[in-house]
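Visitor: This is what each chain is made of:
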Amino acid sequence: MTKKIKLKISARLVKKRSRRAGGNRSKMCRFCSEKEQVHSIDYKNATFLKGFLTERGKILPSRISGACARHQRCISQEIRKARVMALLPYSGLAF
Amino acid sequence: MMQKYEALLLATPEITGDEAKDLEMQLDKVIKAGAGSTISFERWGKYKLAYDINKSEYGVYYLMRFEAPKRTTLINDMKTYMSVKLNHIIMRDMISCIDPKAPLTYQRPRSLEEAPAREEGFSRDARSGASYFSAADRNELDEE
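Protein sequences appear in the order of chains B and C. The first sequence lines up with residues 1 to 95 when you count with this note's numbering. The second sequence lines up with residues 1 to 144 when you count with this note's numbering.
Just chain C, with the same shape it has in the complex (with noise of 0.2 Å):
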């Protein structure tokens, strides 16, 4: 039984654009080596990150998604990879499995390349999230 996964990988901003064939070349190997097969690799863009990570405000993101047979070791060692060969480029990591019934598209915040020069405050999408909250809510939640 085959069971799909999907990889999001943090990138530091530095990263060019041989590197990152080579990551992708790298995990793909290592992929095989386990059994699997890559289904993609996308690049997200650059962003800029929630708190700063090794000193650094901004960061990559790619997601690669793949297929590895279930109950394998393939995962920990992609783990262990990524974190003794690839320490240099990879800040942060999180694998975790497809769920089979969800539909494979998925939505993600904008990155700053596609909205340059957007600088704006902690505003919410009116149609994303629970927007009908009132600000008096939140303002008393943070009281507490």
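Excised from the complex, chain B in its bound form (with noise of 0.2 Å):
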């Protein structure tokens, strides 16, 4: 009986790791690695910060964005600016 029911949990660990495991996104965050791509984040190039909003222009987290905490808080200081010069919207679809 025992032994089943190890059999059991360890199934669900692997699910559970392959689930982890099965978005290909990588773990760093791509301004670190990609210093260029920093001076990209500004509230001019709307273009470019439009991919951080949802369809209802609300910001993307970081846990989806991949960015990490510095760069996360650009990214939205960013969108703020653009935002009052009418570049991104505050919310509803636009564009």
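Hint data in this document are derived by calculation from the structure and do not stem from the laboratory. One should not assume that every hint holds.
Below, a list of computed lysine to any residue pairs in the SDA-like style, where the Cα atoms sit at most 20 Å apart [claimed, not checked]:
hint, chain 1, residue 1, chain 2, residue 2
1, C, K101, B, R56
2, C, K85, C, P69
3, C, K32, C, Y81
4, B, K81, C, D93
5, C, K101, B, V38
Build the complex: two chains, separate frames, hints provided.
Guide: Here it is as structure tokens:
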């Protein structure tokens, strides 16, 4: 009996691990690994920043955007600046 | 010590060429009065705004770059000047410091004049931004 239970648990663990490794996302922040990309985080570059918004215009969390805390802060600051200048929407579907 | 600044101005879509020249002259005067100097004044073109401002859907952007001494009152003077005297032309303005390490080149979204008949949805360029997020992820976030 005990053996069976152990087998069950291990099968679940294997599944869990495969789920975790499933995404092809890299762990490194891409702005840390490629320093030149940092300069493209700019409130004037709205086409680039648009990639960090949801369809509704919300800012993507770092857990999805993959940016480290420092660069996520840069991104959100620049998005907020772009919103003031009407380059990006505050909410709703634009463009 | 001199510091480089840039001002992004959003003007009304009805702005004429003469008005734009006048605008440049006036701002240049303000900057010179504050012991600074203008570096460049560029017209981005006409854009469709992300949301309506003063009941207009469109706007014209101008980017002005200038140099001014550090710890100056010039920035405040410019902001006051724009909000009081150029109130009828300028809808929004943003003045920010330029990072001396960053390159002076920049990218901007395409204006309506450059791409006339391009009415697209909220689509993402494959090269720009975080295009590798799945649509399901985004929907999930919106539902939260």
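Visitor: Against the earlier hints, flag every one the structure doesn't satisfy and list their numbers going up.
Guide: Of the numbered hints, 1 and 2 do not hold.
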